[in-house]
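Residue numbers (the working numbering), protein chains in the order written: chain A, 1 to 323; chain B, 1 to 579.
No lab work stands behind these hints, which were simulated from the structure alone.
Each residue gets a CB set at the ideal place from its N, CA and C atoms; glycine is no exception.
Fair warning: there could be bad hints in the mix.
Below, computed lysine-lysine pairings styled on DSSO-like, alpha-carbon distance capped at 30 Å [said to hold, decoys possible]:
1. B:K328 <-> B:K446
2. B:K187 <-> A:K49
3. B:K509 <-> B:K125
4. B:K462 <-> A:K49
5. A:K158 <-> B:K300
6. A:K49 <-> B:K219
7. B:K130 <-> B:K185
8. B:K60 <-> A:K172
9. A:K172 <-> B:K239
10. B:K280 <-> B:K239
11. B:K219 <-> B:K187
12. A:K158 <-> B:K280
On the chain B side, residues computed to face chain A include the following (Cβ under 8 Å) [claimed, not checked]:
13. K213
14. S423
15. E426
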Amino acid sequence: MTEYLIRRSLQSVLVLFLISILTFAMIHAAPGGPTQVLLAPGLSPEAAKIQAHNLGLDRSVPVQFLSWIGGMLQGDLGHTFKNNIPVGDILWPTVGHTMVLMIAAWLLSLIIAIPWGIYNSTREYGLSDQTSSFISYLGFAMPTFWFGIILQQYFALKRDWLPLSDMYDMDKQGNFGNLLLHLVLPVTVLSLGFLAAYVKYSRSSMLEVLNQDYIRTARAKGLTERKVVFRHALRNALIPIITILGLDLPILVGGAALTERVFNWPGMGRLFVDMAVAREYSVLMSITLVVSVFVVIGNLLADILYAVVDPRVQYGRGGGTAA
Amino acid sequence: MKRKQWISSITVFALIALLIVGCSKGNNTPGPASPSVSPSTSASPSPSDSPSPSPSAQSKDGGTLTISTFSDIVSVNPIFINDTSSGDIEQLVFAKLYDLDRQSNLAVEPWSLAAELPKVSADNKTYTIKLKNTAKWSDGQPITADDVKFTFDTIRTEETGAPGISQYDKIESITKADDYTLDIKLKQVYAPFQFSLYSSILPAHILKDVPLKSLKEDKFGVDPARTVTSGPWMFSEWKQGQYITLNRNPNYWGETKPHIDKIIYKIYADQNTEVQALLKGDTQMTEAVPLMQIDAIKKKDNLQVILKPGPTYEFIQFNFKDENFPDKYSPFKGQKTRQAIAYAVNRQGMVDNVLKGSGGLMNSPFLPGSWADPGAEAVNYEYSADKAKALLAEDGWKPGKDGILVKDGHRFSFELQYNAGNSRREQVSTIIQDNLKDVGIEVKPKGIDFATWIDQNITPGKFPAILLAWSLNNPDPDGESIFSSKYFPPTGQNGGWYVNKKADDLWVKGQQVVDQAERAKIYHELGKELSIDLPYVFLYQYGLPQAYDASKLKWEENDRPESSMGYGYLFHAINWWVE
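Use the sequences and the hints to build the structure in full.
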C-alpha cells in the first residue's frame, strides 16, 4: 500500500508539472497579453518597454515559465502585475471562502441524497422515487444562477427573511451565526445541483447490487430486508459513489463561479473570472494549480477509500485495481 | 515629440477599459458656456435638471454610506490610476490642487489645496500657484510646495511610467518660490495645461526616497498603512474583491468638514447584483445602473435615479487604410460616402430606443453644452435613407446583382467591430446593420473579447470599422491625439489613419490660444469641419444612470451629483450626509 502511494504521488507530481506547462502555454497563447491590459495606454512605446521590462514581460515564455515554477517550488506564488500584491494574499482567502460554501452544500446534499437514493432503490417507481426523479431533472435542467435569482427575489427581496448576498453583513464580519444565515440561499442552490446527481447515483448503484446473486442468496437465507440492504448491499453500492465523490472533489475548490457571482460570494470562481479578464497570469496559474492538486488528491483519495470499503480491493506490486 | 497631449484620450482609453464590462463613468465638460476661466467657489444651482433632492433638511454628522461598484480597485496612488474604481477612491481620500465647479471650470473650493486660481504670466507660459498654508496630510505633516513639485516632476519623468505623463510633458521647469508658492514654466504656450492642475498631490515626505522606476511597485496606494492621504476620508481598509473602508480623516484640515463618518465601497460581481443590493437596502448608492433595471428601481419609493447624458460619446470610426480590408480597398474614402452613412443611420432612434433617456445626439467631438460645442454650426445628419442613397450614387456606388452597392469592382461590405458582451453596442450594431442594408451596404457586426480587441485592432489601427466610445475625463476639448495625422498608431490614437490638414492645424491652434472665448471659436470651426468631413459618424453622448436611496442619502441642491462631469456622481460628497 505504501509503495503504491509513493508511486501514485510521484505520478501526480509529474501530472501537475505537465498541467502547469500546458496552462502556462495556453494562457500565453491567448491574444491580448498583460502588456495591453496592464500598461497605461497613454505611455509611449519606449516607456511601455521599460514597464514591460520591470514586470519581466519582455522575457521569452520558457524563461518566464522557469522563473514562475522556480518561485512556486519555494512556495512563492508570485505577484500581480497590476499592483504588485503577493498572489497568496489574494488567493488563499478566496479558497477558504469557496470551501466553506462548497463543503456545506456538499455535505448537506450527501446527507440527504444517499439515504434517499437507497430508500428509492428498494421502492422503485414509488412516490418518493418519482419525486426525486423530478427534482433531479429540475436540478440538471435549471441553470443554477437562475434558481439563485428566484430564491433571492422571494426570500431576500420580497420578504426580508434572509440576506441577499455576501458572506457577512458589513457590520458583522466574522460572526458565525451571520455566516450561517448567508449560507442558506447559496447552499440551497448548490445542493440542488449535487442532490440531483447523487440521488441518481446511489439509487442506480444500489439497484445494481440488489440484483446480484449474492443478495438473492442472502434473502434466501431468510435475512431481514433491512439486513440485506445495509449489511450486504450498501458497502458494495458505495464503491461507485465514492468514485464520483472523488472526482467531484475539485469542484469544492474550483467552486461554482456562477453561484458565487449571483450571491456575490468572494470565492475562487469569481476571482478566476476577474483575473482572466485582467490577464493576471500568476493568479490564473496559481488557481489552476490549486484545482489540479485537488483533482489529483481526489483521485488518490477515491482509490484509497475503495480499499477501505471493499476488502477485495488490494493495492500492491502487480496488483490490479479490482471492482 | 511626441505623442502626447491627449489628455482626454488617455482617460478615454481608460474609459474603454470600463466599457468592457458594459459601463463606465463619466467625465468631462458640459455646462452652460462660460466665457472664460472664471473663479467660482461653488456651483450655481440650475433647478430644472435634476431629480428633486430631499427637501432641504438639516445636515447631520455621523453614519455610514455604502456605495457599490462592480470592479475592485487596483491602487489608489493617484499618479497611476487608470481605472474608475481606483479613481472613485481617489476622489474621496485625496485633496486636489484645484477642483472643478459644476460647469467644469477650474475652481478653488474650501477643499482645494490651492489658495487662489493660478496667475498666468504675460507670455502665457508661466503659472504661479499659491497654496493654502493650513493643509495637512493624514499623518499631520503640512502639505507644501515641495509636495506639488514632487508630484509633477514624478509624473513627467518617463521612468515613472505614469499614464498622465502627456499632461505634464510641456513643463520646462518647476520652481519653488517659498513653502506655499511655486512657478511652473512651460516650454510653449499650451492652453489645456490649466486642467493639468486639476490633480491630486503625492506626499513627498513618504515617497521621495523611492526610486522612480519602482514607484509603481511601492505599497503606497495598496497598503492602507503606508497610504498617507489628504482628503476628507482615509484609505482605512481594503479586503480584496470585497470592500474598501474609508474612515473620516481626524486630521482633516479643510474649513468644510465631511459629515459622513465612514464610507464603504463595496464590490459586487456585476451590475445586476449591485441593483439587487440597492433594492434590498444593503447599499445606498450605485454609480451605474443597467438601463434594463431602471424601472425596477423606480418602483421603490425611496430610490431615485439620475438619468442624464454624460460626458462619454459613442461613434462609428472608419478606417482609411486599404490594407485593413480583405480586398485591400477602403470603401470609406469618399466624403459623400461617409455623409451617406451618417444620413442612413437612425441616430435619434438609438437615443430613444436604446439609451432610454440617458443620452443625446452628438454631431462633433465636443460635448453639447460645453464651451467648445459648435452647436448648430456642426452638421446634424437627420435620418434619411433617400439622401443617403442619392449621395452614394453621386459618389459612384451602383447596385450590384445581390442588391449590395459596388464601385470599381468592390462590393460595399464591411465588418463592424465592438467588444463582445457590451449589450448597448450589440443593439446599436444591429440597428446600424439594418439601416445600412436599406441603402445597399452590407455590415457584418463582430463582437470581440475586449483585451484582444484593444491589442490586435484598436492600438495598431487594424480594423475596417469600429463601434467605440471616448470618455472625456479632462474638461479640456483638445483631441489632437485622436484626430490628427501626427498621431497615427502605435504612438497616437488616430487608429483610422484619418488625414485632414485643415483640422490638424486647428487642433494645434487650439492649444496655443489661452483666452477661452478665442479658443471656443477655433473649436467651433473644428467641430464644423469634422462634422462635414466625418472621420467618425458621431452617434450620441450617453450617461450612466446613478441611483441612490433618497431616504438615507441627503444633500443640499448645490451639492447634488453632476452627471456631466467625470466622477460627477461623487461631486461635493464632502457635503453629503446620511440619515
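Evaluated hints:
Restraint check for K328 (chain B) and K446 (chain B): satisfied, since their Cα atoms lie roughly 19 Å apart, inside the 30 Å limit. Taking the CA atoms of K187 (chain B) and K49 (chain A), the gap is near 26 Å; set against the 30 Å cutoff, the hint holds. The straight-line distance between the Cα atoms of K509 (chain B) and K125 (chain B) is roughly 15 Å, inside the 30 Å bound, and the hint therefore holds. Distance check on the hinted pair: K462 (chain B) and K49 (chain A) sit about 21 Å apart at the alpha-carbon level, within 30 Å; holds.
Restraint check for K158 (chain A) and K300 (chain B): satisfied, since their Cα atoms lie roughly 12 Å apart, inside the 30 Å limit. For the proposed pair K49 (chain A) and K219 (chain B), the alpha carbon gap of about 23 Å is at most 30 Å, so the pair holds. This hinted pair checks out: K130 (chain B) and K185 (chain B) have alpha carbons roughly 15 Å apart, not beyond 30 Å. Only pairs whose Cα atoms come within 30 Å are accepted, and K60 (chain B) paired with K172 (chain A) is accepted, the gap being roughly 25 Å.
Simply put, K172 (chain A) and K239 (chain B) have alpha-carbon atoms about 14 Å apart, close enough for the 30 Å limit, and the pair holds. Simply put, K280 (chain B) and K239 (chain B) have alpha-carbon atoms about 22 Å apart, close enough for the 30 Å limit, and the pair holds. At roughly 34 Å between alpha-carbon atoms, K219 (chain B) and K187 (chain B) are farther apart than 30 Å, so this suggested pair is violated. Using a Cα cut-off of 30 Å, the hinted pair K158 (chain A) and K280 (chain B) holds, with the two alpha carbons roughly 9 Å apart.
Annotation: K213 (chain B) was flagged as interfacial toward chain A, and the flag holds, the nearest CB pair being 7 Å apart, inside 8 Å. Taken as an interface hint, S423 (chain B) does not check out: its beta carbon lies about 17 Å from the nearest beta carbon of chain A, beyond 8 Å. The criterion of a C-beta within 8 Å of any C-beta in chain A is not met by E426 (chain B), whose closest approach is roughly 18 Å, and the hint is violated.
Consistency note: the structure conflicts with the earlier hints numbered 11, 14 and 15.
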